[in-house]
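Participant: Work out the full structure, taking the sequences as your base and the hints as a guide.
At the far end of the sequence shown sits residue 405, using UniProt numbering, and the numbering has no gaps.
Hints in this document: simulated from the structure, not taken from any laboratory.
Accuracy of the hints is not assured; some may be wrong.
[To be verified] Mimicking DMTMM-like on lysine to aspartate or glutamate, the simulated pairs with C-alpha atoms at most 25 Å apart in a straight line are:
{"no.": "1", "residue 1": "LYS324", "residue 2": "GLU264"}
{"no.": "2", "residue 1": "LYS324", "residue 2": "GLU395"}
{"no.": "3", "residue 1": "LYS374", "residue 2": "GLU389"}
{"no.": "4", "residue 1": "LYS56", "residue 2": "ASP298"}
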Amino acid sequence: MRRQYLRLFFPMGTTQKFIHGMRIPTYQFSQTAQANDYRAILNQLTQLHQGKQLDKTQVSSLFQQLKPYLPQFENQEIRQLVSISFSQQINDENYAQKVFDRTTQLYLEQQASLVETLDILSLLVSGNYTKQFYQQQFNFVAAVSQAPDLNASQIGLAMFIYGQVSQYTKATNKEVEQSLLLNFRQHIDHFKSNDLKHFSFGLILARIQRKDIFDILEKQSLVTEMEFQDLIRVGTGIALFGNGSPEFWKLLEEQAIKNIPTTEPQNITTLFMLYKQFGHGTQEIFKLFEQQFIERYDQFSNLLKLQMFSSFAKIRYPSSAIFKLFFRDIVGIIQSVNVTAVQMLIFDCQKIFHQFPKQVQQFFINFILKHYQKFNPVIKSKLYDSFQEQQLLTEELEVALLKKK
Numbered sequence: 001m002r003r004q005y006l007r008l009f010f011p012m013g014t015t016q017k018f019i020h021g022m023r024i025p026t027y028q029f030s031q032t033a034q035a036n037d038y039r040a041i042l043n044q045l046t047q048l049h050q051g052k053q054l055d056k057t058q059v060s061s062l063f064q065q066l067k068p069y070l071p072q073f074e075n076q077e078i079r080q081l082v083s084i085s086f087s088q089q090i091n092d093e094n095y096a097q098k099v100f101d102r103t104t105q106l107y108l109e110q111q112a113s114l115v116e117t118l119d120i121l122s123l124l125v126s127g128n129y130t131k132q133f134y135q136q137q138f139n140f141v142a143a144v145s146q147a148p149d150l151n152a153s154q155i156g157l158a159m160f161i162y163g164q165v166s167q168y169t170k171a172t173n174k175e176v177e178q179s180l181l182l183n184f185r186q187h188i189d190h191f192k193s194n195d196l197k198h199f200s201f202g203l204i205l206a207r208i209q210r211k212d213i214f215d216i217l218e219k220q221s222l223v224t225e226m227e228f229q230d231l232i233r234v235g236t237g238i239a240l241f242g243n244g245s246p247e248f249w250k251l252l253e254e255q256a257i258k259n260i261p262t263t264e265p266q267n268i269t270t271l272f273m274l275y276k277q278f279g280h281g282t283q284e285i286f287k288l289f290e291q292q293f294i295e296r297y298d299q300f301s302n303l304l305k306l307q308m309f310s311s312f313a314k315i316r317y318p319s320s321a322i323f324k325l326f327f328r329d330i331v332g333i334i335q336s337v338n339v340t341a342v343q344m345l346i347f348d349c350q351k352i353f354h355q356f357p358k359q360v361q362q363f364f365i366n367f368i369l370k371h372y373q374k375f376n377p378v379i380k381s382k383l384y385d386s387f388q389e390q391q392l393l394t395e396e397l398e399v400a401l402l403k404k405k
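Facilitator: As structure tokens, this is what we get:
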């Protein structure tokens, strides 16, 4: 009876009506499908994923070969596969549905723990899926939120999944939120680094703007041995929806100075963007960002490079070495990322635009003229004022920036 609460479900929005109850899948197993068949394919996929040269076509082919076997996967094998699909950004709802069905089936049959199940589902959420698929994810989390005796890891993962579903569907449920927040308050002393990260990330994605909750998160992070990337995630939430004490920002900077030389580029970029957005950080940390970016430049993806350039431009005037990399590569970088990212780069560069070579200026102007309809109106207005101040406003650019559509 301990899983009876999974028979309870709640709609995602007060005006939305959904079918209650979870569909528990049943499967007819093929007599010819041997476990070794799919395990050999899974091992091949894992080896390919771990290799330096990745053949995306082959990866996709192996995923398609594995799909018929998913009803036979054990929990550990599902976790292994989902970790790869998350990393490779596999966006296949048929695959995701099969994983969801098998994962929840194993849990309901008590062959997997709740933490193991939520962990898999948390990696399965991201994707361009239908509302019906997200409803299933929500139903599971909504039921979990009503369960007795949740622990910190379960609460953190449940909020993380709720936040992801809320972000993709633009729907919320106050009853579920309040239940998770109440559980959080009751169990905060037991939250560890990973739990704090998951809960904070879920709050951010669901846009739960509760300063009192982030104050509790901050206090717990100050007395918890935090992983660096988890501390960055908690810091993002604190900066967005709280304020953060001097003690917290001091801790974050101390950990940054210690960890930046060995952490992955994504963490460096996220932290630098956090400092850019909210005005924290010292000259010492900015010099370290610059040094590590130049030394490890080839390790950064094009999107991360663009975001780093954007932060350098916003926080401080870039050095000659940063300018050199920027002018050399920016055209190729911009052609490989989305308009939203470039829009923010142009916005952050507006005060130093006059320092750009004429050909780089013209490239950005041409980009604005081509994509201005996708620009945020507030950003267009600020760019108009900035270009006018720098005497860079052409008649054509003026028309584009003043247009409302």
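Participant: Now tell me if each hint is right for this structure.
Facilitator: Status of each hint after checking the structure:
For the hint pairing LYS324 with GLU264, the CA-to-CA distance comes to about 23 Å; that is within 25 Å, so the pair holds. Under the criterion of a C-alpha separation no larger than 25 Å, the hint pairing LYS324 with GLU395 is inconsistent with the structure, at around 30 Å. For the suggested pair LYS374 and GLU389, the alpha carbons sit about 24 Å apart, so the restraint of at most 25 Å is met. Restraint check for LYS56 and ASP298: satisfied, since their Cα atoms lie roughly 21 Å apart, inside the 25 Å limit.
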